[in-house]
Structure formats: C-alpha cells, structure tokens
Amino acid sequence: MTRALLGLDQGTVARARELAAAAAAPVIELAKAHTTVAVERATLRLAGITGADSTHRAGDVPWVNRVVDTVRDHCGLEQGSLLPVFHALREHDLGTLTELAEATAAGQVRFALPEGKDRDRAAKAARSAVGKGMRQVDRSRAQRAKLVEKIGDPQQRPWIYLIVATGDIDEDVVQACNAARAGADIIAVIRSTGQSLLDYVPEGATHRGFAGTYATQENFRIMRAALDEVSKEVGRYIRLTNYASGLCMPEIAVLGGLERLDMMLNDCMYGILFRDINPIRTFVDQRFSRQVHARAGIIINTGEDNYLTTDDAVDAAHTVTVSQLLNERFAHEAGLPDELLGLGHAFEINPDLPDSFRMELAHALLAREVFPDAPLKWMPPTKHMTGDVFRGHLLDGFFNLAGVLTGQSILLVGMMTEAVVTPFLSDRDLAVANVRYVLNAAGNLAEDFRPAPDGFIVKRAHLVLDEAVGLLERIGRDGLLKAIAEGTFGLMKRPPEGGKGADGVVVKAEEYYNPAIEMLETGATK
Amino acid sequence: MTSRYVRPYGDTTGDGMVQMSLTVPVPHGPKAEGAAAQLAAKMGIEPAMVVHSHAIGPDFTFVVVYGSVKHLIDLDEVKVVEREYPLLSPTEINTSVKKSLRRKMVVVGACIGTDAHTVGIDAILNIKGFAGQKGLEYYRELRVVNLGAQVAVPDLVKRARSEKADAVLVSQVVTQRDAHLLNTKEMAAAFREAMGERRPLLVAGGPRFDPLQAGELGVDRVFGRGTTPGEVASFLVHAMSHKEKVA
Chain A
1 MTRALLGLDQ
11 GTVARARELA
21 AAAAAPVIEL
31 AKAHTTVAVE
41 RATLRLAGIT
51 GADSTHRAGD
61 VPWVNRVVDT
71 VRDHCGLEQG
81 SLLPVFHALR
91 EHDLGTLTEL
101 AEATAAGQVR
111 FALPEGKDRD
121 RAAKAARSAV
131 GKGMRQVDRS
141 RAQRAKLVEK
151 IGDPQQRPWI
161 YLIVATGDID
171 EDVVQACNAA
181 RAGADIIAVI
191 RSTGQSLLDY
201 VPEGATHRGF
211 AGTYATQENF
221 RIMRAALDEV
231 SKEVGRYIRL
241 TNYASGLCMP
251 EIAVLGGLER
261 LDMMLNDCMY
271 GILFRDINPI
281 RTFVDQRFSR
291 QVHARAGIII
301 NTGEDNYLTT
311 DDAVDAAHTV
321 TVSQLLNERF
331 AHEAGLPDEL
341 LGLGHAFEIN
351 PDLPDSFRME
361 LAHALLAREV
371 FPDAPLKWMP
381 PTKHMTGDVF
391 RGHLLDGFFN
401 LAGVLTGQSI
411 LLVGMMTEAV
421 VTPFLSDRDL
431 AVANVRYVLN
441 AAGNLAEDFR
451 PAPDGFIVKR
461 AHLVLDEAVG
471 LLERIGRDGL
481 LKAIAEGTFG
491 LMKRPPEGGK
501 GADGVVVKAE
511 EYYNPAIEML
521 ETGATK
Chain B
1 MTSRYVRPYG
11 DTTGDGMVQM
21 SLTVPVPHGP
31 KAEGAAAQLA
41 AKMGIEPAMV
51 VHSHAIGPDF
61 TFVVVYGSVK
71 HLIDLDEVKV
81 VEREYPLLSP
91 TEINTSVKKS
101 LRRKMVVVGA
111 CIGTDAHTVG
121 IDAILNIKGF
131 AGQKGLEYYR
141 ELRVVNLGAQ
151 VAVPDLVKRA
161 RSEKADAVLV
171 SQVVTQRDAH
181 LLNTKEMAAA
191 FREAMGERRP
201 LLVAGGPRFD
211 PLQAGELGVD
221 RVFGRGTTPG
231 EVASFLVHAM
241 SHKEKVA
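Chains as they are written, first to last, in this note's numbering: chain A, 1 to 526; chain B, 1 to 247.
Keep in mind that the hints were calculated from the coordinates and are not lab data. Careful: at least some of the hints might be erroneous.
Residues on chain A that point at chain B, a partial pick, calculated with CB under 10 Å [stated by the list, open to error]:
1. Thr310
2. Arg358
3. Thr382
4. Arg428
We treat Cβ as the ideally placed atom computed from N, Cα and C, and that holds for glycine.
Using the sequences and the accompanying hints, generate a full structural model.
Encoded structure:
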C-alpha cells in the first residue's frame, strides 16, 4: 500500500531512520560479541536435543539445560557449547545426543574444549547436526507456502487476530477452531503468566497454566495440526501465533521454526522494560531469535502497544514511533524483510479527551506511512476499558473503523469484556460481528479518506514525527542503553547491568564456534 | 427520600425492568429461545421477552432477554461490606506516600524457601501487572526491589535492612506439607528477632493462603487468590499512615 495522505517530509523520515540505525549500531555490536545460555540451548535444539530429565528433584529439566549448564561448569561457554558437546559425544562413544544428555545428568561426562584434529572433527559433526535442524526449519517454511498456495490467504485486510487462553492445550484447540469458524484469520495462544521469566522451556502437552497455556514444542505441534484441519474447512490458511520473548526467546524461535508457527511476538525492548530482563541478555537473544524468524518466514509482532498502556498515549505517542524505528532496524540487521515486520501500535488514547479519535487516526496513519510495506499490527483499547461493556463495545467499533480507514494489516480483535472476565464465547462472537460490520460498511472508505492538508490530523502526525526525531537525537547522543536506563520507554528505568538472566550472558572468545549463526547469516543449509 | 422497597427502573417507577444476555448450549431455534425464557422465569423475570437470538456455531445460541422482575429490593437489608481501607488510584497512592513519608516507600519482594514460582510476586511487582492493573513498579513513589525466587530468610532480612524497607512482600505458591505456612512463620519470626518493633510491614500472598491467618502467621496482612496490585498498594499506604500515627 503506497499512499501519501500526510505529506510527510521524506527527508525527515530518512533522518529518523539514520538516527535509529546509529542508535542501534553499538547495541548490535554488543549482541554480536556475546552469547547466552539461551542461544546455546537453542542451537543444541537445532542440533537435535529434545526431551527432559524427568528424574530431577525439581521436576522436569530439559536436557538442553542440563547439558549447557554442565558444559559451562566444566569448560565455560566462551567458545560455545557445540565443540565440547560433539567432542564428548565422540570421546565417550555415545550414539545420540540424548544418550549424551543422560550420561551428563548421571555425572559421567567430562566436557572439555577439543584441539587440533579433534576440534575439526567436533566442528564437522556439529555442523552436520545443526544443518539437519536448519533444513527442518526450511521444510516448514516451504510447507507453509504450499498450504497458503493451496488453501489461500484471507480475502480481506486487515487479517483478524483472536486470542485463546485456557491453560489447557486441548481446550485451546476447541476454542481456536471455533474462533476460526467465526472469522479469525490468526490465532494467538497466550502463554501462562510468568513463562517469560522461566529460564527453560517446559516439555510436552500441558493442561494447567496460569491465565494462559505454556509454550512447549508439543503444544505448538498439537495446535498447528488442529489449525491445518480447520484451515481446509474454512478455506483459508489460519496462522498461529506465540511469544518469542522472555528468557527463552531463542529457543522458542527455534521451536516455532521447527513446528511451523507463523507469527511470534518479539520485541527488541519489551523484556527489558516490562519483565526486568537484563538488557544485554535481551539484545543478544533477540538478534538470534530474529535471525531464526527470518529463516523460518515467521512474521514478528512488536510490542509498542505496551508503552501506551503504561505511559500517556498522547504525550508518549512519539516513543511508539521511535521504538518502531528501532525494532525495524534491529529486524533488518537480523535479516527480516519488511513483509515480516508486524510493527505494533494501539488505540489507547483516553476517550474522554476531545478529538481523541482524530489523534488516533493521525498516529495510525503516521505508522502506516512511515512503514508502508510492513504488516502493521493494530491493538485494541485496554487501558480505558472500564467494565462498562456497552461503552467498550462502541470504543471497539471506533478502533475497528480507525483500523480499516488507515489501512492496518493485522487487527487484534478487542473484547468488550476486556478487564472484566476472560472472554465468553458470546463476547468473541459479538466482537467479530463488530469487526465484520465495520469491514462490510466501511472497508473501502479509505478510498475517500483525505485528511485536509493543513488539518488537525496532518499537523498532529507531523508533530509526533518531529518529536520522534528529537528523541532519537537524544538517544544518539546518550546511547540507547542509557536511554533505557533512564526510563525513556514506558517510564521504566533499566540499567544495563541489572535485571534477570544477566548471569546467563557470556563474552565470546575469538574461537567461538556456532554453525547455526553462520547458516542463518549466509543461508547455508549444510 | 429513597423508599425502603424498590424495584429496577426501566421507564416507569416500579416496572422492575431488567436486561440480560446469555448463551445456551442448544442449537439455534425455538427450543433455545424457550430455554432462555424458562431460565429467566426461574430467575424471577416474569413475563420475560426474548428480544433477540442468534446462532454461535452449530451448538450454541446467544439470547437477549428483557423482562420485569417480580422481586423487591429491601434497602434496609442491603449490607455493604466496608473495606477497612479505601482502594486508591495510582495517583492517589503516589500523593499519599509523598505526603505521609516525604520520601519514596521502599518495598522488597521475594519468593522465600525453595519455592521457585515467582508468578504471584511478579504479577504484583512487575510493571506488566495483573488483571489490567500495573504492578507496584509503576508507582512513582514506590521503590521496588524484587529479589526473585528461592530467597533464604536470613538473606531477605539482611536485604530488607540494607534497603531500609518499609514493607516486605513474600509470595508462596508451593503448599506441600504446609511449606507456605511454615516459611511465612519462619520469616515473621526472623524479622521479629532481628528488628523487633522496627520491623517493616510484612505481607504474605499466594493462592492457598486464607486472609484470616495473618495473626497466626505473625504478618500484618495476607492476600489470597486474585489479589490485584492496586489492592496491595492501597493496603500499604493505609498501613503505613496508620503506623506513622501510632508511632
């Protein structure tokens, strides 16, 4: 979609992008210079380690955690986990990585860094194993393309995005299939509260979660298989979304790639700001996970809506633009093209303010015109949903109207019972009917919509863009890490040395070896 | 003057009109509408008018019912539970802390013992929050120190002291062999021993706690399932200003 209703100065837009790239550059260097326990675990998952140690007293511990922790104890992770793991496999004459993991748990393996010929042999074996995983990711991507070709995409834009969250994967399947029949194009399975702070990925099919369902490889597989069935029934390919965020971001990305998820929530700063995860850990994990998403053809969804729920949606509007530009830069650097960039924004202005809807239109159009080729994700009101379900339903109607009028790509359907209960069956049905009415009545209204060149909407959009450039200049002077430490985004102050998961960050040695990163960067399959 | 006996008001005093919407697990049709009307009658809505119904998938029907309730409301019998402390907005809480303490209130949170479930404490403390409310980190006048999981009681006491904590929040999810009760008692005793009357406010929370247990456990307050950050923050403000007055 190329439209130019706001008459934005292309020089200003280009300047904003340059500033974002300059602000991101040192952070990208930082990300390249470190590895994390999660990146190592994700790589071992690509190499084929699955399953968990069910005999541990703390409950199931995934084998990848057992192995990476032990390698770290024995010889450090500065050179990565792959060389010691594949060296040990040979030294101990074990048939499979699972056997190695079991022997590790039993305390029978001594990991060491191989040298000379041993090193070459270990590197070759590691590369061959990781290549198998990478080709599985490639096959999933090809299969998605084939299914979309055969079954078809939704007929309309925006695509309709609905959430399920029962805590029980079997119950989720029922709800997801019904949501697809009711009109959903995308199903997101919300994760259990607090999964982002677990430093491991749970195993198997799960039936009990807190306000959501655990993201596990098996749950991914179950839901994708169910949606493939219902896709055939409804005649359009239903996309599946999960969350590559938190301490296991890289591993979730790999599991999503293997199991053909289609979208992942993945923001460059969300974990830092809203989950108090260490900034360096986040940037390292984020880069790897985005490289995997690029490879897997997974659309990322960024989390700018969150800034507006914590900060004021009018005063902080420009922080959304800044974050979108940073997310874009980090994503491009990791190899994600525009068509996989579901940059986020939200309808969160206080409805009691005069001209609130005109401001929403200005902000939504600004995002549309600054990122013309990105599948923007438009998020519904949550902060000003009060429990007055009737008013909420009206607000959701205006949100839907703003979405179609400004050409948004992915529309997360708002529920009138937001902040009251988890949606009833009827809430979801009424919400989708609301979207359908607006699409049917005004789906093509964008053709006639021309905000006055000197009018309120155009001026507001220009102001927000200028404020964004101003903030980017400040970030450029002080550095992004300092800006985050000072509470620039979402009011949260997060110093670079603080936060959860900091102890899982390791400075790479010159000899660091990870064939996955190279394959992700070059596109190699072997 | 409001009369003692009242009925819901539609457009005429005493008409008793209410509206209701519901979904029945019955395929759309006269049977589904009849089912909704029967339920309405049992609820005292008589006569009930089914004004709308539509199918939600093959197995469910959404129904909107209007009708007059035969019940009377006796206002003398309306017993309102008076909350011992008012529920304040974030702005009110910030203002109140500023006024009563003239500095930030320090809140230290942790999961104690071997419990690794930080879900509860994170829902209350993380800015992400819970049930649509931001966590305590969001409050400008609160300084939150979240120590995370598996914090030993002596470490918690030490840290609370060095941070000059005004309040200590502990969450406990695991209840095997009453671990949550024993851990909480141990924590309360440790604070009593180390700091006596100068100990911070102690608050315990978790899905299996009974709010009536506070005294027995030796803490100032116990929060159960479904507690929101706003309730906790409001309590802290209330308890702190109360303490100031007593002291």
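We went through each hint and held it up to the structure:
Satisfaction of the interface hint for Thr310 (chain A) is found here, the shortest Cβ-Cβ separation to chain B being roughly 6 Å, below the 10 Å cut-off. For the restraint placing Arg358 (chain A) at the interface with chain B, the shortest Cβ-Cβ distance is roughly 26 Å, beyond the 10 Å limit, so the hint is violated. For Thr382 (chain A), the shortest C-beta to C-beta distance to chain B is roughly 7 Å, which falls under 10 Å, so the interface hint holds. Annotation: Arg428 (chain A) was flagged as interfacial toward chain B, and the flag holds, the nearest CB pair being 9 Å apart, inside 10 Å.
Hint 2 from the list above is the single one not met by this structure.
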